[in-house]
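Asks: Sequence:
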Amino acid sequence: MKSTSTNLIKSGVTLQLFGLLWGLYVPSTPFPRLALSAHLHSMTNGALLTVVGLVLRQTDLLTLNPLQSSIVTWGLNTAWISIASKCANAYWGTANTLPITAKVANAVGGLEWQEMIVLVSHLATLSMIPAFGVITWELFFGVKTANRGEKH
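Residue numbering for the sequence shown follows the numbering used here, starting at 1454 and increasing by one per position.
Bear in mind the hints are in silico, worked out from the structure with no lab data behind them. Think of the CB as a built atom: it goes at the ideal place given N, C-alpha and C, for glycine as much as any other residue. Warning: the hint list may mix true and false statements.
[Stated by the list, open to error] Straight-line Cα separation of at most 25 Å, SDA-like style, residue types lysine to any residue; simulated pairs:
1) K1463 <-> L1579
2) K1463 <-> Y1478
3) K1455 <-> T1467
4) K1556 <-> K1455
5) K1597 <-> P1519
6) K1463 <-> S1523
7) K1455 <-> P1485
8) K1556 <-> L1477
9) K1597 <-> S1523
10) K1455 <-> I1534
11) K1556 <-> L1514
12) K1455 <-> F1594
13) K1556 <-> H1575
14) K1463 <-> A1537
15) K1463 <-> N1518
16) K1455 <-> L1514
17) K1597 <-> I1582
18) K1597 <-> Q1511
19) K1597 <-> S1456
20) K1455 <-> D1513
21) K1455 <-> T1497
22) K1455 <-> L1474
23) K1455 <-> Q1511
24) K1463 <-> G1586
25) K1455 <-> C1540
[Unchecked claim] Each pair of labels, with its calculated beta carbon distance range:
26) L1579 <-> L1520: 14 to 20 Å
27) N1559 <-> Q1511: 33 to 39 Å
28) G1586 <-> L1470: 26 to 32 Å
29) V1557 <-> L1473: 18 to 24 Å
30) W1590 <-> L1493: 25 to 31 Å
31) P1483 <-> D1513: 48 to 54 Å
32) N1518 <-> G1476: 24 to 30 Å
33) E1565 <-> P1483: 30 to 36 Å
34) P1483 <-> S1580: 29 to 35 Å
35) V1557 <-> L1514: 35 to 41 Å
36) P1552 <-> T1459: 35 to 41 Å
Working from the sequences, and respecting the hints, build out all of it.
Replies: As structure tokens, this is what we get:
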């Protein structure tokens, strides 16, 4: 599990560095509001991955088996996929997947393949749900909780 926590911490810190650097570039994109969205998501998800990595180091709280570690690692690292599409969308201006954001950004829509990339990349982040499901399960019902004799 230490490699899972280390992976998430490294990924989170790198994502935050990317977000900081991308933030410098936001004003020069055709759709700066969409670029700002990529910046904010990079910073937020970077912090999230870092914190989850630090929580996983608390072996008195929970432990993950190899399958659970894979679910958590891959599930949370899908943040990179959606952030990459958000950066591309700062140039494309797609509108179908995130219509509220597109409206605020005055984006009128991209080419069909661009819209599809943005959609698929955001669907990939649904894998964060089972990742947090695994973490939550282990925190409340896992081996460490049972060994401590805690009541739920």
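Asks: Next, verify each hint and record whether it holds.
Replies: Against the structure, the hints come out as follows:
no. : hint                        : in the structure
1   : K1463 <-> L1579             : 22 Å, holds
2   : K1463 <-> Y1478             : 23 Å, holds
3   : K1455 <-> T1467             : 18 Å, holds
4   : K1556 <-> K1455             : 43 Å, violated
5   : K1597 <-> P1519             : 16 Å, holds
6   : K1463 <-> S1523             : 16 Å, holds
7   : K1455 <-> P1485             : 38 Å, violated
8   : K1556 <-> L1477             : 23 Å, holds
9   : K1597 <-> S1523             : 19 Å, holds
10  : K1455 <-> I1534             : 24 Å, holds
11  : K1556 <-> L1514             : 44 Å, violated
12  : K1455 <-> F1594             : 21 Å, holds
13  : K1556 <-> H1575             : 18 Å, holds
14  : K1463 <-> A1537             : 18 Å, holds
15  : K1463 <-> N1518             : 20 Å, holds
16  : K1455 <-> L1514             : 13 Å, holds
17  : K1597 <-> I1582             : 22 Å, holds
18  : K1597 <-> Q1511             : 11 Å, holds
19  : K1597 <-> S1456             : 19 Å, holds
20  : K1455 <-> D1513             : 13 Å, holds
21  : K1455 <-> T1497             : 23 Å, holds
22  : K1455 <-> L1474             : 29 Å, violated
23  : K1455 <-> Q1511             : 10 Å, holds
24  : K1463 <-> G1586             : 22 Å, holds
25  : K1455 <-> C1540             : 31 Å, violated
26  : L1579 <-> L1520: 14 to 20 Å : 18 Å, holds
27  : N1559 <-> Q1511: 33 to 39 Å : 45 Å, violated
28  : G1586 <-> L1470: 26 to 32 Å : 29 Å, holds
29  : V1557 <-> L1473: 18 to 24 Å : 23 Å, holds
30  : W1590 <-> L1493: 25 to 31 Å : 29 Å, holds
31  : P1483 <-> D1513: 48 to 54 Å : 50 Å, holds
32  : N1518 <-> G1476: 24 to 30 Å : 38 Å, violated
33  : E1565 <-> P1483: 30 to 36 Å : 19 Å, violated
34  : P1483 <-> S1580: 29 to 35 Å : 30 Å, holds
35  : V1557 <-> L1514: 35 to 41 Å : 40 Å, holds
36  : P1552 <-> T1459: 35 to 41 Å : 38 Å, holds
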